[in-house]
Amino acid sequence: MSKTITIEPITRIEGHGKITLMLDDNGKIDNALFQVTQFRGFEKLSEGRRFREMPSLMARVCGICPVAHLLAGAKACDEILAVKVPETGLLIRQAINLGQIIQSHALSFFYLSVPDMVVGFDANPMDRNILGVLKKNPQMASDGIRLRKFGQSIIELLAGRRVHPAAIIAGGVSDPCSSEVRDKILADIPEMMRIVQRNLDWYKQKLNQNGSSSLRVSPFVEEIRSFANMKSLFMGLVNDDGELDFYDGKIRFVDSSRKIVADKLEPADYQNYIAEHVEKWTYLKFPYYKPMGYPKGMYRVGPLARLNVIDRCGTPQADLELSEFRGLSSGAVLSSFYYHHARLIEILYSLEKLEQLLAEPAFTSTKTRATAGPNNLEGVGMAEAPRGTLIHHYKVNEHGVMQWANLIIASGHNNMAMNYGIMQVARHFVKGEKIEEGMLNRVEAVIRAFDPCLSCSTHAAGKMPLKIELARPDGEIVHTLTQG
Amino acid sequence: MSSTVKIKTLTIDDRQVGAREDQTILEVARENGIKIPTLCYLKGLSPYGGCRMCIVEVAGSNKLLPSCMTAVEEGMVVSTQTEKIKKYRKSLLELYFSERNHVCSVCATNGYCELQSMAQKVEMTHVHFPYMYPHLEVDATHERFVLDHNRCIACTRCVRVCDEIEGAHTLDIKDRGINVRIITDLDQPWGESDTCTQCGKCVHVCPTGALIERGKSVGEMSKRKQLLPYLTKMREAHK
Numbered sequence: 013m014s015k016t017i018t019i020e021p022i023t024r025i026e027g028h029g030k031i032t033l034m035l036d037d038n039g040k041i042d043n044a045l046f047q048v049t050q051f052r053g054f055e056k057l058s059e060g061r062r063f064r065e066m067p068s069l070m071a072r073v074c075g076i077c078p079v080a081h082l083l084a085g086a087k088a089c090d091e092i093l094a095v096k097v098p099e100t101g102l103l104i105r106q107a108i109n110l111g112q113i114i115q116s117h118a119l120s121f122f123y124l125s126v127p128d129m130v131v132g133f134d135a136n137p138m139d140r141n142i143l144g145v146l147k148k149n150p151q152m153a154s155d156g157i158r159l160r161k162f163g164q165s166i167i168e169l170l171a172g173r174r175v176h177p178a179a180i181i182a183g184g185v186s187d188p189c190s191s192e193v194r195d196k197i198l199a200d201i202p203e204m205m206r207i208v209q210r211n212l213d214w215y216k217q218k219l220n221q222n223g224s225s226s227l228r229v230s231p232f233v234e235e236i237r238s239f240a241n242m243k244s245l246f247m248g249l250v251n252d253d254g255e256l257d258f259y260d261g262k263i264r265f266v267d268s269s270r271k272i273v274a275d276k277l278e279p280a281d282y283q284n285y286i287a288e289h290v291e292k293w294t295y296l297k298f299p300y301y302k303p304m305g306y307p308k309g310m311y312r313v314g315p316l317a318r319l320n321v322i323d324r325c326g327t328p329q330a331d332l333e334l335s336e337f338r339g340l341s342s343g344a345v346l347s348s349f350y351y352h353h354a355r356l357i358e359i360l361y362s363l364e365k366l367e368q369l370l371a372e373p374a375f376t377s378t379k380t381r382a383t384a385g386p387n388n389l390e391g392v393g394m395a396e397a398p399r400g401t402l403i404h405h406y407k408v409n410e411h412g413v414m415q416w417a418n419l420i421i422a423s424g425h426n427n428m429a430m431n432y433g434i435m436q437v438a439r440h441f442v443k444g445e446k447i448e449e450g451m452l453n454r455v456e457a458v459i460r461a462f463d464p465c466l467s468c469s470t471h472a473a474g475k476m477p478l479k480i481e482l483a484r485p486d487g488e489i490v491h492t493l494t495q496g
Numbered sequence: 004m005s006s007t008v009k010i011k012t013l014t015i016d017d018r019q020v021g022a023r024e025d026q027t028i029l030e031v032a033r034e035n036g037i038k039i040p041t042l043c044y045l046k047g048l049s050p051y052g053g054c055r056m057c058i059v060e061v062a063g064s065n066k067l068l069p070s071c072m073t074a075v076e077e078g079m080v081v082s083t084q085t086e087k088i089k090k091y092r093k094s095l096l097e098l099y100f101s102e103r104n105h106v107c108s109v110c111a112t113n114g115y116c117e118l119q120s121m122a123q124k125v126e127m128t129h130v131h132f133p134y135m136y137p138h139l140e141v142d143a144t145h146e147r148f149v150l151d152h153n154r155c156i157a158c159t160r161c162v163r164v165c166d167e168i169e170g171a172h173t174l175d176i177k178d179r180g181i182n183v184r185i186i187t188d189l190d191q192p193w194g195e196s197d198t199c200t201q202c203g204k205c206v207h208v209c210p211t212g213a214l215i216e217r218g219k220s221v222g223e224m225s226k227r228k229q230l231l232p233y234l235t236k237m238r239e240a241h242k
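From first to last, the protein sequence lines are chains A and B.
For the first sequence, the tail end lands on 496 under the numbering used here, and the numbers increase by one without skipping.
For the second sequence, the tail end lands on 242 under the numbering used here, and the numbers increase by one without skipping.
One thing to keep in mind: the hints can contain errors.
As the list claims (entries may be wrong) - Where chain B lies over chain A, by a calculated footprint (3+ residues, C-beta under 8 Å):
1) 175-186
2) 208-215
3) 407-416
Unchecked claim - Derived contacts from chain B toward chain A, CB cut-off under 8 Å, selection only:
4) E60
5) M72
6) S108
7) H131
8) M135
9) P137
10) E140
11) T144
12) V149
13) R217
14) G218
15) V221
16) G222
Just so you know, the hints here were simulated from the structure itself, not pulled from any lab data.
Quick reminder that beta carbons are idealized off the backbone N, C-alpha and C, glycines included.
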């Protein structure tokens, strides 16, 4: 008898999604679909608005990573103004973005994913949260909270407020940074470095069973093997020196052996190398690498992809960790379980990079923006959001009124990979007559590893109910699991 | 003051006040430190009575009256802050917000807007009417200014200042009720107006983000509220 299992909503992720698992007559997974159930329509509602509203308007796409949207939007507007942003404006924009990477990665790792690792994938869902972590490993929970708070405080200090700051505008940033604010941020960096290093050590030790380098004895060997562990392309921004760069650079694609497939691609030409496929059963489109077609052109973005595409991070501690990370695989690191590992390395990089930026004499200069009217009718802005490459593309009329917008949001790039991922993990874990909650938690956990921002909303706290139903093809419910 | 002007006495919020016969309830109330909220009224321009925020109760009348348009009368008993009035003012504000697309978070006047601060003042927490989400244009054709119909409350301050102070009468209104629109000249794009002197008075008297200077990003457009009182004072001094 074939059955359908629905997981809706998926818990401990940002936004609302639904997973549908279809079982065949033998109880084996026949098909798995990852569906995004909300429609937002930001591209349409921007039409007719002043282009200068766009960074702030589009930032409302996401309450977790509004800074990335502000940056991509502001960069698209810079193109429309046809101006060069002053050095101080660039430095402040980059520092705000690093603050966001730190806070968002801390949220994803410590609040959303660590509960599975510390409390256990099969533990009682009531304990599988940050409070459960607090009981089992208080230091780790407080580290996560401290790190996230630090990231948010950077955004607040440099951009005015933690969520949806208005300081990042077309042409630069609206306010300069005082030396007092700079020193305040600098003073906290050593403590944050210790926190990240401590948790990176914990993660590596936990994964490798107290120092053993063999993956086979890792407590998470099954998850590592089945969490979207597959061949795919990887995409990310890389600067002129081949280093990690969240703010600027050119696009690079590598394949699963880390061989460069395409390099130095201009953000403005994204339509030449990225196309989007539409499926009827989800509101999330399926971007793919255009020259290879759909679905062969599947690629991944985000922390794992970024570390796979770059030559080096460009900061000493992060580069040391990167060389160890590279040892996980002879080519690109393929298992999406390692998104967590990559996330921690990126926090380390962000702290080191932040220290470098703040040390620049121009950081506290007062010339932070360039002013102009609309000089171009089109602009593309690209930036690395915590979850991956974010693309904003705007077209305006000669008076600067928006005519058309296209956004490709990081979670969208990973859509195809997430779908393959849940199929793989469901086939690996969901077996037998009775479906255990822990099995389905792993199906959710693979989505969590990608840290998708589905509706891009602030669902960071609170209890989310989870209901899983097994239904016959005629709709009769044969088994129900409820959580929350 | 002319010697022929008569003095009237009346009661506003249980206070005995004296007024010239040519004064309105609003003027007298403000002279005596009694606060009545307004949106379309602006000292220095002729009263319009359009926003209805200044409504008051007058004993003996079963209607709520706009205090900016109602002349004082001998023995009048006026209440400005009854529960009924407060409820009506809040509902009126909710109607303003529901009628067009006032999205404060991405507005250039966020933090400087009179509509926004009024909503905070009357503790408006929700809009209980369905939003209409009309499709309205942004006229960005002018070299220096932008007219965003989405954020207009049709208070006509801009129309009056353009006519009465600048003397250009570039701005006017067309249609009625919910369809009312601010127009420039003969309903043509502002950038094509032959009569606009580019003085910017309309921008600075506008209570919302409907009229702003070009190039302003979110929260950057503060209005020079002292512009009109200053102009009026200087004109009177040079008469």
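Hints and how they fare:
{"no.": "1", "hint": "175-186", "result": "holds (count 5)"}
{"no.": "2", "hint": "208-215", "result": "violated (count 0)"}
{"no.": "3", "hint": "407-416", "result": "holds (count 3)"}
{"no.": "4", "hint": "E60", "result": "violated, 41 Å"}
{"no.": "5", "hint": "M72", "result": "violated, 35 Å"}
{"no.": "6", "hint": "S108", "result": "holds, 7 Å"}
{"no.": "7", "hint": "H131", "result": "violated, 23 Å"}
{"no.": "8", "hint": "M135", "result": "violated, 15 Å"}
{"no.": "9", "hint": "P137", "result": "violated, 11 Å"}
{"no.": "10", "hint": "E140", "result": "holds, 7 Å"}
{"no.": "11", "hint": "T144", "result": "holds, 5 Å"}
{"no.": "12", "hint": "V149", "result": "holds, 6 Å"}
{"no.": "13", "hint": "R217", "result": "holds, 7 Å"}
{"no.": "14", "hint": "G218", "result": "holds, 6 Å"}
{"no.": "15", "hint": "V221", "result": "holds, 4 Å"}
{"no.": "16", "hint": "G222", "result": "holds, 5 Å"}
Against the hints set out earlier in the document, violations occur for numbers 2, 4, 5, 7, 8 and 9.
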